[in-house]
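**Student:** In the order they appear, the protein sequences are chains A and B.
Position one of the first sequence corresponds to residue 1 (our numbering), numbered consecutively onward.
Position one of the second sequence corresponds to residue 1001 (our numbering), numbered consecutively onward.
A hint or two may mislead.
In the BS3-like style, the derived pairs of lysine-lysine whose C-alpha atoms are separated by at most 30 Å in a straight line are [as the list claims (entries may be wrong)]:
1. B:1042 - B:1074
2. B:1413 - A:37
3. A:193 - B:1413
4. B:1400 - A:193
5. A:208 - B:1009
6. A:159 - B:1035
For the record, the hints were derived by calculation from the structure and aren't laboratory data.
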Amino acid sequence: MITPSAPAVPPASPRVGLFVTCLVDLFRPSVGFAAVKLLEEAGCRVEVPPAQTCCGQPAYNSGDRRDARGVARTVLRAFAEVDYLVAPSGSCTGMIRDHYPALFAGEPEEAEARALAAKSWELVSFLTDVMGLDRVQAAWPGRATYHDSCSGLRELGIKAQPRRLLASVEGLELTELAEAETCCGFGGTFCVKYPEISDAIVTKKAEKIEASGAGLLLAGDLGCLMNMAGKLQRRGSAVEVRHVAEVLAGQRDEPAIGAPAGGEPAAAE
Amino acid sequence: MQSTSHAFKDNAHRALGDPELQRAMGHVRSGFIDKRLDAIGKLPEFEELRDRAKAIKDHTLAHLDLYLERYEAKVTENGGKVHWCADAEEARQAVLRICRSLGAKTVTKGKSMVSEEIALNDFLQEQGIEPVETDLGEYIIQIRHEPPSHIIAPAVHVTKEQVEADFRRVHGHLPPERPLSEPTQLVSEAREVLRQRYLEADVGITGANFLIAETGSSVIVTNEGNGDLTQTLPKAHIVIASLEKVVPTLEDASSILRVLARSATGQEFSAYTTFSTGPRRRDDPDGPGEYHVILLDNGRSSMLGTEFEEMLRCIRCGACMNHCPVYHAVGGHAYGWVYPGPMGAVLTPSLIGVHEAGHLPNASTFCGRCESVCPMRIPLPKMMRHWREREFELHQSPAKARVGVELWAFFAKRPRLYRLATGLAIGLLGRLGRRRGRFSSLPLAGGWTAHRELPAPAGRSFQALWAERNQGKDRA
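Okay, chain A solo, but in the shape it has when bound (with noise of 0.2 Å):
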């Protein structure tokens, strides 16, 4: 079903665009700060086109296909260059790789929509499946516990990639989340659509959470992150929540989601 779709073997030195996402550009930075060392260790050129905003996707599934459209030119334009866009979530890859091409069929971007879509790549599995990293430099002390994000998981069938590179971070111990395949209940605007059904999903996803014995969550996805920590930290729980690009960049000097900053990270317990 996964078809890569991308050459195997990818030139020695690929010329990568980062598509920053909205989310990790508003409210975390550091996420993309990640990327860009995870990419450059691994021998890609990175740039960051500056006219970039958002994939669209807000616009797409509340059924506005002309301003989805819209907001999806300026990343047609902004990349149009690059060998790859690459970005640190599955959700907006999946908008690009597999939603432009039916969102452009028919409109005279349509080839460049399909261009696009060949060389988008989610962050992790571009480095193992693209770059063929298998392990990276980083150290973070603790057990983490992941959670599959479902468009990664589904429309890109990333669920090997991210527990294939932990499982080199020296000191992680990684354990199994039940239920990991289960959406958290943020879907976009759902959440603020639906409230109550969205808290009903997410609530779960917390215990299950908490069940682990993990001191630490990753997942891929900002969106989901940001859902999954706001309910821990509402119910009181201390488990802390991170992009897995950051504990893959070893990149610990930034406060977990939504904790204070300035304070020292706790060690993953």
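Let chain A serve as the given structure and place chain B on it in line with the hints.
**Tutor:** For chain B alone, kept in the frame of chain A given last:
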């Protein structure tokens, strides 16, 4: 049945606050998923079978008129009669005419979602004919005066303690001190009560999982055998089926049967797979004297050739709802009409209108798990999105959401302006939230902060920090 789909939010609110329902839904979450996984794990060719099942239905839908006519010709040849019904009212009247012609006082019924769709039970009752549901789950909800909450497990929202109380209330003729706390005791009591009803019934009504054009047969799958008694004992057997149930050949039905039970209950096959082909023949020892098929359209033919055509591949296994986080949270009744969960979110607006059922395709996280388990590979999220597009075009989406999206898109299409506006906003939020790292409440973010903390933005965007870092590099 009367729809309450427009009140989905209120329905969901009630469901979330109903402890009995929540307890019952816990069994759905744990039961179906693992059983399906086990079953498909034992069948290496499951994925190819899905492709084949999909291809069979796609082919049939492309030639639906041909196969329906072929099916009717075969049914007629076998001595049965097909009643073409455009809508629910025509279907109800057709059933009534048959019942009247036989002077029927009671009818037994096997499980049929189409019968729910045309609200047959209430109608028959109004006409002085008593319908008796014989599927255990259907029987339970009939005595509770409730609609089904799941398409294959209609009483999945009911706990066994509630069933015990219902049986004690309704089966007043049985000794009050009898033990009734075990599922097996409940099943045998239902069986005993129903046994007599089979013998009294004048007409037996069943649904159909498939109609086979090649042979004129209808097929039902059950786990209780109640369908067999329903259709063989009375004077007439009425099959109620919607027109997309037709498949070309016996072989095709067999192929789809191989994915049906595995996807539904994790069984290799249901306990009973029953083929019925016309009324009793001269040499048959038993069987119904008459055989009728109520062939219902009710809006389906108008889905052909639209972006919703693929929904007509659905074989009603229930896997989509068994894997749906929203269904798990609120149960089937919240959806407000006959078909719940992801398949209902696509089908219901087609059948009763997107104006009435507009919430359903919106109440999805688009997690995609429904599509990933659908044996017929129906792109459910994509079709829910198509409904959202229709609603947006019809200006039916809530004004607040609409204005919000359009305002956001105005900026998101203009990167420079976007950077300016978002920079100001996160700068402010970053300063306000820096000390705690998060917000417990925030104007305009109540939908989020009612239930969870909002992580505070770092205060400066990645783009701003990146530009700064690179300027630094340039100078160095």
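**Student:** Against this structure, judge whether each hint is valid.
**Tutor:** Hint-by-hint comparison with the structure:
no.	hint	result
1	B:1042 - B:1074	37 Å, violated
2	B:1413 - A:37	29 Å, holds
3	A:193 - B:1413	23 Å, holds
4	B:1400 - A:193	10 Å, holds
5	A:208 - B:1009	26 Å, holds
6	A:159 - B:1035	22 Å, holds
Hint 1 alone, counting from the list given before, is not met by this structure.
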